[in-house]
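Chains as they are written, first to last, in this note's numbering: chain A, 24 to 118; chain B, 26 to 438.
Wrong hints could be hidden among the right ones.
To give an idea of the interface, some chain A residues facing chain B are shown, with a C-beta separation under 8 angstroms as derived from the structure [as the list claims (entries may be wrong)]: (1) L64; (2) N67; (3) C68; (4) C73; (5) G74; (6) G91; (7) R94; (8) K96; (9) I98; (10) N100; (11) G101.
No wet-lab data here; the hints were simulated from the structure. Bear in mind that the values here come from a model prediction, so they are computed numbers and not experimental data. Beta carbons: idealized from backbone N, C-alpha and C, even for Gly.
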Amino acid sequence: MKSAPAEEAVYTVTYTVSGRAITCPGGTFVLDAALAAGLKLPFNCRQGLCGTCKSKLLSGQYDMHHQGGIRPKEIANGMFLPCCSKPLSDLVIEK
Amino acid sequence: MSDTLHTLLTRRKPGYTLEAPFHTDPAIFQADLDIIFGRHWIYVGVEPDVPDEGDCMTVDIGQHAIIVARDDDMQLHAFHNVCRHRGARLLHTPHANVGNIVCPYHQWTYGLDGNLKFAAHMPENFDKACHGLKRVHIRSLAGLLFVCLAETPPNDFDAMAETLTPYIAPHDIPNCKVAHEEDIIEHGNWKLTMENNRECYHCSAAHPELTRSIFAEGFGFAPVGAEAEAQAGRFHAMVDTLHAECARHGMVSQEIDHLDDRITGFRTERLPLEDAGESETLDTRVACKRLLGNLHEKRLGALSLWTQPNSWHHFMSDHIVTFAVFPLSPETALLRTKWLVHKDAVEGEDYDRANLTAVWHATNRQDSDLVGKAGAGVRSSGYRQGPYAPDTELLVEKFSAWYIGRMAAGIGA
């Protein structure tokens, strides 16, 4: 999909609904960084299966390895799974 | 109840309508669901209902909620639409496209093959392999989808498929799309909906749109009087001509009837249409410019197909109309109609949806009204069994005889 995430880079992930902006290293799953920062987000399987964490990405690039928890059509419509995605740039998420 | 049902089945008079309890009694309704809909091949829809990987369709057969799914290898599966955790219904819309089937309650996650892939908070010794979705048998008959809820389905599906596939295949259902679909709730027991379909005694009075193209004689109608006999003679000559023409196109057409001598009963015949002879439309011409499959000839009449207990279908050169009946309650039934055209046909260019659906949209409403009248009559205290016309209602008798026979076998009578 995209080039491999730069492990050493640190990105800003902004959540528009809660108004929080947190940092997420390039080697960390977006969901893990959010949970570590104390955000309460819906999630379940943490392996790209169940789709519970599915979120709308307003801007940014990511590297996702899901297992059927999201459809190509949903991805085309701007959705992604934070539990199995690592940032490749700053991200803005509608959550 | 089983004694009463046993008695009613045993004393059924061939050639006569069923007694009132078959159309009204909640216990017999439940027996219908258990024996007829629970242990036979039930028509539920078409492959174009689930054309792509991850497509799911939900169908309710009485209290049995079913998912039909197509996996990422394009294989078809069917399951009970019930989570193995706390029993919640999994999918709630008629159609969905999913990567996995995820329960909305606690997110138990199943693959499109029904295997449980994820369940949070369960103990270490929890065996996911024992908690896959409960499977339902599914088969495609040249694109028509049938399910069987029984553990061991009737073993004559392959024989039916072998016979019918050459008839249906030229119409190429897998390369169709559902252009229109409509559900009607009919106010009569499901068997009244089926009985109404199995005769054309009522056609000339009730169906001005349908009889523009079809001949009642193709549905058992026997002529009375010189004029009717002349018309029947014309019809039979047209049948012979059509069958000869279709044979030249390599298509089989002749009548095959196993409505009451098989567990999986069916009947088929390609029938001529009036005037232009192309399609069941108001002007008897094709409603869709793009013909089905690799067909080049518009004038192929209509291939009629009937299956026991719950379907009938009309295949023309340009479109297919397919009907499924599902019991809802002792005195209501769902009639689900789908109009199929070639998947590449473009609405507004190749076909006009109103023109495509005009005949059967009107006919369904007329039939629904008649079923409602029959339902109202048979629940009245004055109802007594009435005689079927020996030839004109022969297919009704075959439906009732099949039903009685299968119910008797089901209760071990």
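Going through the hints against the structure:
Taken as an interface hint, L64 of chain A does not check out: its beta carbon lies about 14 angstroms from the nearest beta carbon of chain B, beyond 8 angstroms. Interface restraint check: N67 of chain A against chain B, minimum CB-CB distance 4 angstroms, threshold 8 angstroms, status holds. Among the interface hints, the one on C68 of chain A holds; its C-beta lies about 5 angstroms from the nearest C-beta in chain B, closer than the 8 angstroms criterion. Annotation: C73 of chain A was flagged as interfacial toward chain B, and the flag holds, the nearest CB pair being 4 angstroms apart, inside 8 angstroms.
The restraint placing G74 of chain A at the interface with chain B holds, with a minimum CB-CB distance near 6 angstroms, inside the 8 angstroms limit. Evaluation of the G91 of chain A hint against chain B yields a held restraint, the C-beta minimum of about 3 angstroms falling below 8 angstroms. A hinted interface residue such as R94 of chain A counts as satisfied when its beta carbon comes closer than 8 angstroms to some beta carbon of chain B; here the least separation is about 5 angstroms, so the hint holds. Proximity of K96 of chain A to chain B holds as hinted, the smallest CB-CB distance being about 7 angstroms (cut-off 8 angstroms).
The interface hint given for I98 of chain A is violated, since its Cβ lies 10 angstroms from the closest Cβ of chain B, which is over the 8 angstroms cut-off. Given the 8 angstroms rule on beta carbons, the hint for N100 of chain A is violated: about 12 angstroms separates it from the nearest Cβ of chain B. For G101 of chain A, the shortest C-beta to C-beta distance to chain B is roughly 17 angstroms, which exceeds 8 angstroms, and the interface hint is violated.
Comparing the model with each earlier hint shows violations of hints 1, 9, 10, 11; every other hint is respected.
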